[in-house]
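Visitor: Based on these hints, arrange chain B on the given structure of chain A.
Protein chains: 2
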Amino acid sequence: MKRSFIREILEAIDDETISFAGGLPSEKLFPVKDLEKASKKVFKDKKHCQYTISGGIKTLRKKIAKFYCEEGFETSFENILITTGSQQALYIISRFFESKDIVIEKPSYLGAVNIFKTNGLNMSAVKLDNDGIDIKEFKKEFKKSKLAYLIPDFQNPKASRYSNKKRETISKFVEKTGGYLIEDAPYSELYFDKKTESISKYIPNNSFHLGSFSKTLVPGLRIGWVRADKSLIDKLTQIKETIDLHSSSITQHILNEYLENLKSYKKHLNILRKNYFEKMEFFAKSLEKIIPEFEFERPKGGMFIYGKLPNKNTKELVYKALEKKVVYVPGVEFYVDGNISDEIRFNFSHSSKKEIKEGLKRLREIYN
Amino acid sequence: MKRSFIREILEAIDDETISFAGGLPSEKLFPVKDLEKASKKVFKDKKHCQYTISGGIKTLRKKIAKFYCEEGFETSFENILITTGSQQALYIISRFFESKDIVIEKPSYLGAVNIFKTNGLNMSAVKLDNDGIDIKEFKKEFKKSKLAYLIPDFQNPKASRYSNKKRETISKFVEKTGGYLIEDAPYSELYFDKKTESISKYIPNNSFHLGSFSKTLVPGLRIGWVRADKSLIDKLTQIKETIDLHSSSITQHILNEYLENLKSYKKHLNILRKNYFEKMEFFAKSLEKIIPEFEFERPKGGMFIYGKLPNKNTKELVYKALEKKVVYVPGVEFYVDGNISDEIRFNFSHSSKKEIKEGLKRLREIYN
Chain A
287 MKRSFIREIL EAIDDETISF AGGLPSEKLF PVKDLEKASK KVFKDKKHCQ YTISGGIKTL
347 RKKIAKFYCE EGFETSFENI LITTGSQQAL YIISRFFESK DIVIEKPSYL GAVNIFKTNG
407 LNMSAVKLDN DGIDIKEFKK EFKKSKLAYL IPDFQNPKAS RYSNKKRETI SKFVEKTGGY
467 LIEDAPYSEL YFDKKTESIS KYIPNNSFHL GSFSKTLVPG LRIGWVRADK SLIDKLTQIK
527 ETIDLHSSSI TQHILNEYLE NLKSYKKHLN ILRKNYFEKM EFFAKSLEKI IPEFEFERPK
587 GGMFIYGKLP NKNTKELVYK ALEKKVVYVP GVEFYVDGNI SDEIRFNFSH SSKKEIKEGL
647 KRLREIYN
Chain B
287 MKRSFIREIL EAIDDETISF AGGLPSEKLF PVKDLEKASK KVFKDKKHCQ YTISGGIKTL
347 RKKIAKFYCE EGFETSFENI LITTGSQQAL YIISRFFESK DIVIEKPSYL GAVNIFKTNG
407 LNMSAVKLDN DGIDIKEFKK EFKKSKLAYL IPDFQNPKAS RYSNKKRETI SKFVEKTGGY
467 LIEDAPYSEL YFDKKTESIS KYIPNNSFHL GSFSKTLVPG LRIGWVRADK SLIDKLTQIK
527 ETIDLHSSSI TQHILNEYLE NLKSYKKHLN ILRKNYFEKM EFFAKSLEKI IPEFEFERPK
587 GGMFIYGKLP NKNTKELVYK ALEKKVVYVP GVEFYVDGNI SDEIRFNFSH SSKKEIKEGL
647 KRLREIYN
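Line by line, the protein sequences give chains A and B. Under our numbering, the first sequence is numbered contiguously, ending at residue 654. Under our numbering, the second sequence is numbered contiguously, ending at residue 654.
Next comes chain A alone, as it looks inside the complex (with noise of 0.2 Å):
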């Protein structure tokens, strides 16, 4: 099973392997001093420490709402449901469709794989391009299952990012259908050029967009949401509440109290998107200088590099590597049918500059 695959490399990994495998967002870029003094005035309160209702307290749901409408996209505080991260979102809205067909793009995020395959959702996947899932495939599929999971933005594992052509066909398509859309957007804020309208800001009623707070903040909090049409929040709110009645009030009001100084958040992701900007650069010159023949394009944004390793079978590779102490992951690990061989996903948000090249270096030994 893949999921196992992927957890035996990453319980072999001790203190001096170097890992490009985790989608771990930078620890050095965690405000942490900032979430500090936004603690210190929630244990103020103790009514922040007592139960609160399922959908998450409002004053967050209005903060993230009005994200939205800043970019012209309409929303209240009753589109949204907090969930504990956007995986959780997912997994809700996987129950909400339980047994149901669902298109997604190949290869995909393996926790929604995991997802769909616990709740019964019959996958039909469908080969991902680097400017977007392909078309003519894609609405054959669609017609059928009236159900999609895309990552539009930066994708998790090929950090590709869709054209604005094809976002514009798909919402039109969905809404002509009357399907849904599930808009996965945990990489949206991470662009190294300028953000992307979401599908679903034009399809509002036909669509869920799930974002988070892990990429962009700290994971630690487990907050993320999904936007979506009041009405199918409210199912939503009713699952989530079967499954843990709600998500930590204490970490929410953290947030909430963190959000309250805007400037210091805006400015905070900026810097985070110069950092990753340059990591990537660097990754991506030390990838041309010492394995040249790894073939990839340089991504606009997110936190991977994704690419084809010719001729190698990368995953029998993984176990050389991990004797070396570098660790990535094998591309076939996020193909649900997956007869590929030579692809590999490249983490660079996490290591240091130091620990790429000496990752890097290890490789080539290996990859010889």
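Don't read these hints as lab results, they were simulated from the structure. For clarity, every value in this text was computed on a predicted model and none was experimentally measured. Check the hints yourself; a few may be wrong.
Any copy will do: because identical chains look the same in the list, a pair fits if it lies in one copy or spans two.
Said to hold, decoys possible - Derived pair list, reagent style DSBU-like, types lysine-lysine, alpha-carbon separation capped at 35 Å:
(1) Lys611 x Lys332
(2) Lys560 x Lys333
(3) Lys611 x Lys565
(4) Lys429 x Lys516
(5) Lys571 x Lys332
Guide: Using the frame of chain A, we list chain B on its own:
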């Protein structure tokens, strides 16, 4: 549907309404200063804000395991899975046992009933007496289901505690038949006299023992756990990973840091027990004085007083109560096949003494 009714009640509550309805702990006793101190330490290490393993942080699991060991119930951190409240533990276990038969108490915790319904478990409800479930009936049903959900300490809603004899009979029967017991124990620490041994202690491989810090510390942490055999915990951890990757690492670390000062936690528990006992006594005496026809037994712990108002339809009356700005939960809500009408669950932990007196006076008027 049951859930909607309770929600309907809770949503009708405004700030002026005195609520005996929810299972809310007393905010006044939340140790927010100590939690704030703990959180300050947590934010000193950026790693505490990173992703963590699905089972929960090891240091916290070790501390919870130690609580069991101190009571002679051998437990290692590998027997513990951290969950988002014990609600989530119950959800995860229910997904594990999907579509099986299960014995529950009559009446039982509504949150559990909804989880079982959602996951297709087929419930068979057995009468709960003041010293525990009806044994004859339990044996008959458990023989078929091999699975039971019980709340032996200060049950929700009935506030009853199982006798030692019934505990022994149940543990032996569960072991003999090779079945499983789900023992929900959120109120176990809230005893007024002394702690009773869990049933699970005698069947460590045939039980899931559920605990929570929501009633003993603060609900907003959303930290509960399940204690079970390692091989079962491994399976539950996979389900947990699919649902939300992991519970907030920040609140796990805050709790872990707080528990470093064990003396302080134990002192807090003693204050809580003393305060709740006083509250219960005050509520009971006020009931005897103001609504003497209400039939009940004083609970030995927990948060609820449960009883009977002969010849009154307590569900019909709750709407009148709401008009008078006071609310409780009619007992019928806790019955899967409810054809009783005269029972009531009162929460005594959350309201002040003044509110208790005033609330009962308002009820007096509508019960005439």
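Visitor: Against this structure, judge whether each hint is valid.
Guide: Checked hints:
1. Lys611 x Lys332: between (47 Å within a copy, 24 Å between copies)
2. Lys560 x Lys333: For Lys560 and Lys333, the Cα distance is within 35 Å only across copies (22 Å; inside one copy 38 Å).
3. Lys611 x Lys565: For Lys611 and Lys565, the Cα distance is within 35 Å only inside one copy (21 Å; across copies 60 Å).
4. Lys429 x Lys516: within (25 Å within a copy, 45 Å between copies)
5. Lys571 x Lys332: between (52 Å within a copy, 29 Å between copies)
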